Amino acid sequence: MVRETRDSLSDRPWDLVCVGTGISALTYGALRLREAPGQRMLFLEQHNVPGGYSSEFVRPKQGARFDCSLHKLTGMGETGNLRQLFRELDLESSVELVFSPAWFQVAGGVELMLDQVPSRMRDALCDAFPDEAGAIDAFLYEVEVHGRNSYMQFEVMLGRFEPDFKALRVAHRTLKIITVLDALRARFKDPRLIEILSLPAIYIGAFPEQCAFLYYLHVVYASLYERSAYMRGGSQQLSRLLVSQIESMGGEVRLKTDVEQVLIDPDSGLATGVRTDRGEVRADRVMINASPRYALETLLPPLDALAPHRARAAEQVTANATTTLYLVLDCPPESIGLDHAETMVLADDPLAALEARRQARAQPTEAALCEPAYWGASSFEVTNYHALDPSGGAVVIVNVLDDIRHWPPRKTPEYRQKKRRVAEQLLARLDKVRPGLRGHVRYSEVSSPRTYERYTRNSAGSGYGNLVLPEATPNLINHNFPVRNLSFLSAWISGSGYEATMGYARMLVRSAPPARLARTGTDRSF
Amino acid sequence: MSNKEDILAHLTDLIVDMKDCETTAVHPAATFEDLELDSLDFVEVQVSVKKRYQVNLVPDLFANGTIANVGQLVDYIAAESVAVEA
Ligand SMILES: Cc1cc2nc3c(=O)[nH]c(=O)nc-3n(C[C@H](O)[C@H](O)[C@H](O)COP(=O)(O)OP(=O)(O)OC[C@H]3O[C@@H](n4cnc5c(N)ncnc54)[C@H](O)[C@@H]3O)c2cc1C
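Same order as they appear, the protein sequences are chains A and B. Numbering follows numbering that gives the first Met the number 0, in which position 258 of the first sequence is assigned residue number 257; successive positions increment by one, without gaps. Numbering follows numbering that gives the first Met the number 0, in which position 3 of the second sequence is assigned residue number 2; successive positions increment by one, without gaps.
Rather than coming from a laboratory, the hints here were simulated on the basis of the structure. Take these hints with a grain of salt, some might be off.
Stated by the list, open to error - Quick list of the computed label-pair ranges, beta carbon to beta carbon:
hint: 1; chain 1: B; residue 1: Asn2; chain 2: A; residue 2: Val97; range: 47 to 57 Å
hint: 2; chain 1: B; residue 1: Ala28; chain 2: A; residue 2: Asp10; range: 36 to 46 Å
hint: 3; chain 1: B; residue 1: Gln53; chain 2: A; residue 2: Val109; range: 46 to 56 Å
hint: 4; chain 1: B; residue 1: Glu32; chain 2: A; residue 2: Thr297; range: 20 to 30 Å
hint: 5; chain 1: A; residue 1: Arg159; chain 2: B; residue 2: Cys20; range: 21 to 31 Å
What the hints assert, rightly or not - Which bits of chain A does chain B cover? Going by a derived footprint, with three or more residues having C-beta under 8 Å, they are:
hint: 6; region: 148-157
hint: 7; region: 160-167
In this text the structure is predicted, and so the values were computed from the model without any measurement. A virtual CB, placed ideally from N, CA and C, is assigned to each residue, including glycine.
Start from the sequences and build out the full structure, keeping to the hints where you can.
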């Protein structure tokens, strides 16, 4: 099992030291060690469990296990990218996948079950919105063609899939530059249908008025056409399995070890290791599984050569953080109307919600604007974990997209009051669509963006990295990065979600430069 | 035309076609940032170079800045395609 020792961290340089043990770092480690078994790799984690968002916490008295993030692994069908990666990692036999029949259930104003099988999900939408059948078919065609091309980006980069570049170019010129909201408004008339089809943007921490349509098409393609599944045992089990693989191949994972600084030699311009709260670690290569903004502001020295990168990282817009309400019920959630694994609760008035969010974004520290916008007016997501894995208890988790800037510091009376307010509001909204549910709540708890920031160190507490805005410049953090033996990997680089982060880690492993270049490529100084 | 000239001409055609820029904008010192190449453009360059010169441009070469401008890309392709032929 992972070590928690306080001994000094070895004088002999490691081949690689990694800051953080999120799912992307663990995937990278397990895959890299398979390819290069003799490598000495060390993974340092400030928290007392590995996995970052891919972890859980338990409340034994309540008989409850709360997953910090996972409710859907996309790309888990036979041809899905993540399924293939699970095979490469020999995880298939160690995990039990749960395929839910529903993509998601819709509640609030419209009651609808959207099937995971695209043709059945199409029929359900066409039954509910018969006048829009043609537009629904055209939309699903866009998902199949452009969503797929975009979904295959890492495979394309690895030379394993060649898309139709003409179609891809058209998509980049026309679909990437518009928001989900504008695209859906141009394609559909019914505001309810537009609101329903906007919902998957939540999976990437975005509201439909923020996110680029092409990226959203890829997310819809990944969950609908490449199928999504849950893992019995939850995300912590996935992280644990990867940790044990890393350890069985000679790597080390150390918990409760806070990396304070990445050490850079000013003469060579190269990283020489890291300083932690337990001493220094020397390494030939450093990898950072944390947000570039946090790394550039906190972990890296204030060298002039990094100034343009700091400025660029500061320009990126962070995806929304989440506030989560964890509930334990006194009965199976299915018995009170949460029939499927996932329910999306629609906004009462999507236009009013849009306007409320616009005002909240203009004054992001103003609680009187932000609370109604994010908690009261916008659509939100509810997961019935009991339906996915009853061994975790009668657990229901409610997620709303939120913004850290209107949350006061932790451990203050205002912070505690605010947590009570959010629990109250979300329960009231849930009770409205599933009457009586509130009376069955035996235990509740709230995580705010500040909680996430504390446990994962992610900038603004966001689990989704940067927003993929239509006008977004490509994430160039690594281009011309002056520290040649330092790289980044995480949702901040790859895009959010298990499939993207794990896929990016795999691409990094597969695309290591030829040894000759790796040697000559490290001689550049500041 | 030397191998390097041929490679530069090929890349120039490709980039002009992708970015609708002037031919003069593509020269050895032009960085990928100057040319505003996005991830899709990189992929297209990768595929085209693989087809024409059988050279594999692994993403890490761009990601870690080993190849950051057109001249470095030409040199890399020239060196690797010679290696392939040899
Ligand atoms: C509420 C929620 C629900 C989600 N649901 C899903 C879902 O159902 N399906 C899906 O695919 N995705 C989902 N996601 C997204 C997904 O969880 C994340 O995109 C992914 O887990 C991020 O992984 P990562 O590798 O970027 O690292 P992170 O999880 O951000 O981990 C970074 C790690 O680095 C450590 N660290 C940082 N700084 C230091 C330091 N200085 N020293 C030591 N350690 C450090 C942190 O403690 C942390 O463990 C969800 C996210 C949220 C927030």
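Going through the hints against the structure:
1. Asn2/B x Val97/A: 47 to 57 Å: With a Cβ separation near 56 Å, Asn2/B and Val97/A satisfy 47 to 57 Å, so the hint holds.
2. Ala28/B x Asp10/A: 36 to 46 Å: holds, 44 Å
3. Gln53/B x Val109/A: 46 to 56 Å: holds, 55 Å
4. Glu32/B x Thr297/A: 20 to 30 Å: Given about 25 Å between the Cβ atoms, the range holds.
5. Arg159/A x Cys20/B: 21 to 31 Å: holds, 30 Å
6. 148-157: It holds, with 4 qualifying residues against the three required.
7. 160-167: Holds: 3 residues of the region 160-167 of chain A have a Cβ under 8 Å from chain B.
Checked against the numbered hints above, the structure violates none of them.
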